[in-house]
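2 protein chains.
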Amino acid sequence: MKKHNFSAGPSILPQEVFEKSAQAILDFNGSGLSILEISHRSKDFVAVMEDARALVLELMGLTGKGYQALFLSGGASLEFIRVPYNLLTEGGKAAYLDTGTWASAAIKEAKKFGSTEVVASSKDQNYNYIPKGYTIPADADYFHCTSNNTIFGTQMNEFPETDVPLVCDMSSDIFSREIDFSKFGIIYAGAQKNMGPAGTALIVIKEELLGKTGRSIPSLLDYKQHIDKESMYNTPAVFPVYASYLTLKWLKEQGGVTAIEAKNNAKAALLYGEIDRNPLFKGTAQTEDRSKMNVCFLLENEAHTEQFDKLWKAAGISGLAGHRSVGGYRASIYNAMPIESVQVLVDVMKELERTVAP
Amino acid sequence: MKKHNFSAGPSILPQEVFEKSAQAILDFNGSGLSILEISHRSKDFVAVMEDARALVLELMGLTGKGYQALFLSGGASLEFIRVPYNLLTEGGKAAYLDTGTWASAAIKEAKKFGSTEVVASSKDQNYNYIPKGYTIPADADYFHCTSNNTIFGTQMNEFPETDVPLVCDMSSDIFSREIDFSKFGIIYAGAQKNMGPAGTALIVIKEELLGKTGRSIPSLLDYKQHIDKESMYNTPAVFPVYASYLTLKWLKEQGGVTAIEAKNNAKAALLYGEIDRNPLFKGTAQTEDRSKMNVCFLLENEAHTEQFDKLWKAAGISGLAGHRSVGGYRASIYNAMPIESVQVLVDVMKELERTVAP
Numbered sequence: 001m002k003k004h005n006f007s008a009g010p011s012i013l014p015q016e017v018f019e020k021s022a023q024a025i026l027d028f029n030g031s032g033l034s035i036l037e038i039s040h041r042s043k044d045f046v047a048v049m050e051d052a053r054a055l056v057l058e059l060m061g062l063t064g065k066g067y068q069a070l071f072l073s074g075g076a077s078l079e080f081i082r083v084p085y086n087l088l089t090e091g092g093k094a095a096y097l098d099t100g101t102w103a104s105a106a107i108k109e110a111k112k113f114g115s116t117e118v119v120a121s122s123k124d125q126n127y128n129y130i131p132k133g134y135t136i137p138a139d140a141d142y143f144h145c146t147s148n149n150t151i152f153g154t155q156m157n158e159f160p161e162t163d164v165p166l167v168c169d170m171s172s173d174i175f176s177r178e179i180d181f182s183k184f185g186i187i188y189a190g191a192q193k194n195m196g197p198a199g200t201a202l203i204v205i206k207e208e209l210l211g212k213t214g215r216s217i218p219s220l221l222d223y224k225q226h227i228d229k230e231s232m233y234n235t236p237a238v239f240p241v242y243a244s245y246l247t248l249k250w251l252k253e254q255g256g257v258t259a260i261e262a263k264n265n266a267k268a269a270l271l272y273g274e275i276d277r278n279p280l281f282k283g284t285a286q287t288e289d290r291s292k293m294n295v296c297f298l299l300e301n302e303a304h305t306e307q308f309d310k311l312w313k314a315a316g317i318s319g320l321a322g323h324r325s326v327g328g329y330r331a332s333i334y335n336a337m338p339i340e341s342v343q344v345l346v347d348v349m350k351e352l353e354r355t356v357a358p
Numbered sequence: 001m002k003k004h005n006f007s008a009g010p011s012i013l014p015q016e017v018f019e020k021s022a023q024a025i026l027d028f029n030g031s032g033l034s035i036l037e038i039s040h041r042s043k044d045f046v047a048v049m050e051d052a053r054a055l056v057l058e059l060m061g062l063t064g065k066g067y068q069a070l071f072l073s074g075g076a077s078l079e080f081i082r083v084p085y086n087l088l089t090e091g092g093k094a095a096y097l098d099t100g101t102w103a104s105a106a107i108k109e110a111k112k113f114g115s116t117e118v119v120a121s122s123k124d125q126n127y128n129y130i131p132k133g134y135t136i137p138a139d140a141d142y143f144h145c146t147s148n149n150t151i152f153g154t155q156m157n158e159f160p161e162t163d164v165p166l167v168c169d170m171s172s173d174i175f176s177r178e179i180d181f182s183k184f185g186i187i188y189a190g191a192q193k194n195m196g197p198a199g200t201a202l203i204v205i206k207e208e209l210l211g212k213t214g215r216s217i218p219s220l221l222d223y224k225q226h227i228d229k230e231s232m233y234n235t236p237a238v239f240p241v242y243a244s245y246l247t248l249k250w251l252k253e254q255g256g257v258t259a260i261e262a263k264n265n266a267k268a269a270l271l272y273g274e275i276d277r278n279p280l281f282k283g284t285a286q287t288e289d290r291s292k293m294n295v296c297f298l299l300e301n302e303a304h305t306e307q308f309d310k311l312w313k314a315a316g317i318s319g320l321a322g323h324r325s326v327g328g329y330r331a332s333i334y335n336a337m338p339i340e341s342v343q344v345l346v347d348v349m350k351e352l353e354r355t356v357a358p
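If you read the protein sequences in the order shown, they are chains A and B.
The numbers in UniProt numbering rise by one with no breaks, and the one at position 253 of the first sequence is 253.
The numbers in UniProt numbering rise by one with no breaks, and the one at position 136 of the second sequence is 136.
Treat the hints with care, since some could be wrong.
Because identical chains cannot be distinguished in the list, a pair is counted as satisfied if it fits within a single copy or across any two copies.
[Stated by the list, open to error] Taking lysine to aspartate or glutamate pairs in the DMTMM-like style, the calculated list, with each CA pair at most 20 Å apart, reads:
1. Lys65 <-> Glu230
2. Lys224 <-> Glu178
3. Lys111 <-> Asp276
4. Lys111 <-> Asp222
5. Lys212 <-> Asp139
6. Lys313 <-> Asp44
7. Lys3 <-> Asp44
8. Lys108 <-> Asp228
9. Lys212 <-> Asp163
10. Lys183 <-> Glu288
11. Lys2 <-> Asp27
12. Lys112 <-> Asp222
13. Lys313 <-> Asp27
14. Lys3 <-> Asp27
15. Lys93 <-> Glu117
16. Lys112 <-> Glu90
17. Lys132 <-> Asp163
18. Lys249 <-> Asp228
19. Lys43 <-> Asp309
20. Lys20 <-> Glu300
21. Lys111 <-> Asp98
22. Lys249 <-> Glu208
Derived from the structure by calculation, the hints contain no laboratory data.
Required output: the full structure, derived from the provided sequences and hints.
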């Protein structure tokens with residue numbers, strides 16, 4: 001039976017990425033060698049890395065605008081540390097927006113490096129909205145926000161206008177919608193949601209921001225050293241980078257970010273439409289801040305849990321359980337999720353309505 | 001034509017690891033999902049991580065001896081930073097042995113954290129030997145060494161007797177030979193030589209050593225936090241960990257470290273035997289410190305380069321070029337390399353001798 005994978009991450013990728021990457025494990029580019037055993041300095045893999053880095057800038061409209069794209073290991077959580085190391089001056093101040101678990105984790109790490117001001121937080125309502133109307137201190141070295149909150153199903157629709165460098169963790173909605181990426185100083189994202197398998201993170205950096213903190217930065221945490229070594233300061237995660245490259249190529253073939261955004265809008269409209277229409281369900285996030293990537297919802301009546309769970313599992317749906325911080329259900333509908341799978345979920349919700357009707 | 005992959009890393013892995021991991025990308029454990037799209041918290045992957053961690057301790061004879069095994073992202077180079085963060089006290093001192101490029105890189109990072117004493121170095125002879133007879137200061141927080149030097153083809157046959165905690169970078173010879181692993185406080189290794197594909201690193205830690213520096217450690221750099229979260233503090237590199245797990249299982253099926261050491265000894269004896277016998281070649285490392293993983297050698301007469309290169313390429317050999325620091329040739333003969341492939345290289349060396357004979 002076909003599976004419909006609504007997992008929050010690692011998560012669904014295009015079927016052709018699975019097929020091509022499995023083939024590359026058996027024989028990479030007709031070399032007679034597996035992609036798992038080739039040198040990262042081999043001509044063919046250097047080309048993959050260079051093409052992937054260029055493709056990132058192209059898809060973001062940042063080519064020739066002073067940005068560098070890196071594929072580094074360690075996960076987006078390592079960027080929680082690299083960002084203050086590279087941007088927070090000794091005695092300086094960082095500003096953060098607290099919109100959920102991962103934003104809080106980033107704040108916790110920044111505090112180990114210096115003064116950290118949380119300009120606003122939605123913790124008071126279990127992060128079910130995005131704070132607005134906050135002020136970013138003009139003397140902050142940077143402002144950090146999280147564009148999409150995987151756990152709480154909220155997403156920033158607008159980014160602040162400010163002269164302070166914008167740093168954004170886009171782990172769970174990167175490449176899902178048109179944004180003016182040139183507004184940002186640093187964008188980073190773990191690959192394992194919209195971009196590839198777990199094991200690599202993408203970092204896009206406006207190069208002119210670097211080298212100003214006066215800190216002694218450990219080499220592997222220094223963005224400048226990674227830029228100088230063209231994202232090969234140390235051995236990159238060859239296979240995760242390759243699978244991410246295949247995913248980026250797929251995205252370009254789909255028509256890029258503009259085209260995928262239209263599809264993502266249609267999927268989100270279909271699912272939120274059903275949540276709002278069906279009397280058995282309710283969404284958890286405030287309507288204007290709803291995420292188009294992670295759709296969190298609850299049963300109005302928990303007595304229907306067993307029956308609903310039985311229905312969606314029987315339909316081949318997996319990964320629908322909500323995060324423990326919110327409960328209920330979370331349907332992650334990333335770029336690679338076809339609208340047909342969203343329709344299967346909507347049909348199951350309708351079926352539940354029919355079977356429990358009085 | 002069959003390829004014989006002598007690459008220094010990423011490098012050859014067992015053929016069954018390629019086949020099983022390609023299959024898992026198409027369908028993991030009969031789940032109908034790819035291993036690239038499953039949650040790292042899924043039951044099946046948690047089992048992989050737990051089994052892999054247990055298998056590491058079993059293969060090292062460390063089960064029940066107060067050690068923890070972790071599979072972390074970032075590469076062995078990140079351990080150059082994690083080690084001083086976790087073991088070097090404020091105002092304390094670290095001791096390092098300088099045996100090559102990677103040892104030097106580790107020293108460079110440690111110096112950013114505090115006093116670092118290099119107890120001995122073989123830089124004076126382009127790292128072609130392992131220093132001996134050095135003294136480790138009794139007041140050092142730890143002593144760091146590199147068991148095998150991939151670039152220079154040298155290997156430590158003995159480790160010092162000392163009360164100072166021993167930290168060892170075993171990236172390029174881990175699981176290749178019997179060692180009393182319980183002598184070490186921390187052992188670490190990038191996966192991409194003897195253990196798996198690039199993208200994860202193994203860290204084995206004697207737990208009682210942690211928590212003593214008084215430093216404020218960023219979470220992702222704190223071994224204790226990774227131990228508390230059972231190597232899932234953040235999303236692990238799912239696929240690289242899985243492929244490493246398959247490689248460790250293969251090693252156990254081969255008879256474990258004892259059995260593979262016998263095979264490695266036979267391969268090294270075959271190749272060094274030919275280097276010493278064949279008048280056209282000479283080894284670069286001092287005989288008593290020769291590596292059984294990376295065999296570095298030169299042509300006595302560079303005029304034979306073109307002919308030799310033509311011969312080994314025609315025989316299906318790849319990855320034989322030496323590192324620029326040494327020149328010549330480097331045959332990396334890791335665990336997964338069959339002796340038949342080493343014989344192919346030896347036959348080519350003999351063929352060169354026949355063709356250039358007067």
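Comparing the hints with the structure gives:
Taking CA atoms no more than 20 Å apart as the test, lysine 65 paired with glutamate 230 passes inside one copy only; the shortest distance there is 17 Å, against 42 Å between copies. Taking the closest pair of Cα atoms, lysine 224 and glutamate 178 never come within 20 Å of each other, the shortest separation being 28 Å inside a single copy and 40 Å across copies. For the identical chains of this complex, lysine 111 and aspartate 276 are neighbours neither inside a copy (40 Å) nor across copies (59 Å), given an alpha-carbon limit of 20 Å. In this assembly of identical chains, the alpha carbons of lysine 111 and aspartate 222 lie at most 20 Å apart whether taken from the same copy (19 Å) or from different copies (16 Å).
With identical chains, the CA atoms of lysine 212 and aspartate 139 are at most 20 Å apart within one copy only, with a shortest distance of 15 Å there and 37 Å across copies. Only between protomers do lysine 313 and aspartate 44 lie at most 20 Å apart by alpha-carbon distance; the minimum there is 17 Å, versus 42 Å within a single protomer. Taking the shortest Cα distances, lysine 3 and aspartate 44 sit within 20 Å of each other only across copies (16 Å), while inside one copy they are farther apart (34 Å). Taking identical chains as interchangeable, the C-alpha atoms of lysine 108 and aspartate 228 lie at most 20 Å apart only when they sit on different chains, with a minimum of 18 Å there against 29 Å within one chain.
Taking the shortest alpha-carbon separations for lysine 212 and aspartate 163, only the intra-copy value of 16 Å comes in at or below 20 Å, while the best inter-copy value is 42 Å. Taking identical chains as interchangeable, the C-alpha atoms of lysine 183 and glutamate 288 are never at most 20 Å apart, the minima being 22 Å within one chain and 59 Å between chains. Taking the closest pair of Cα atoms, lysine 2 and aspartate 27 come within 20 Å of each other only across two copies (12 Å); inside a single copy the shortest separation is 27 Å, beyond that limit. Proximity of lysine 112 to aspartate 222 under the C-alpha cut-off of 20 Å is found in both arrangements, the shortest distances being 17 Å within a copy and 13 Å between copies.
For the identical chains of this complex, lysine 313 and aspartate 27 are inter-copy neighbours only, at 18 Å across copies versus 36 Å inside a copy, given an alpha-carbon limit of 20 Å. Only between protomers do lysine 3 and aspartate 27 lie at most 20 Å apart by alpha-carbon distance; the minimum there is 11 Å, versus 27 Å within a single protomer. For the identical chains of this complex, lysine 93 and glutamate 117 are intra-copy neighbours only, at 7 Å inside a copy versus 35 Å across copies, given an alpha-carbon limit of 20 Å. Within a single copy, lysine 112 and glutamate 90 get their C-alpha atoms as close as 12 Å, and across copies as close as 16 Å, so both meet the 20 Å cut-off.
Taking the shortest Cα distances, lysine 132 and aspartate 163 sit within 20 Å of each other inside one copy (18 Å), while across copies they are farther apart (58 Å). In the homo-oligomer, the alpha carbons of lysine 249 and aspartate 228 never lie at most 20 Å apart, since the shortest distance is 25 Å inside one protomer and 38 Å across protomers. For a Cα distance limit of 20 Å, the shortest separation of lysine 43 from aspartate 309 across copies, 18 Å, qualifies, whereas the shortest one inside one copy, 50 Å, does not. For the identical chains of this complex, lysine 20 and glutamate 300 are neighbours neither inside a copy (43 Å) nor across copies (44 Å), given an alpha-carbon limit of 20 Å.
Taking the shortest Cα distances, lysine 111 and aspartate 98 sit within 20 Å of each other inside one copy (13 Å), while across copies they are farther apart (35 Å). In the homo-oligomer, the alpha carbons of lysine 249 and glutamate 208 never lie at most 20 Å apart, since the shortest distance is 28 Å inside one protomer and 48 Å across protomers.
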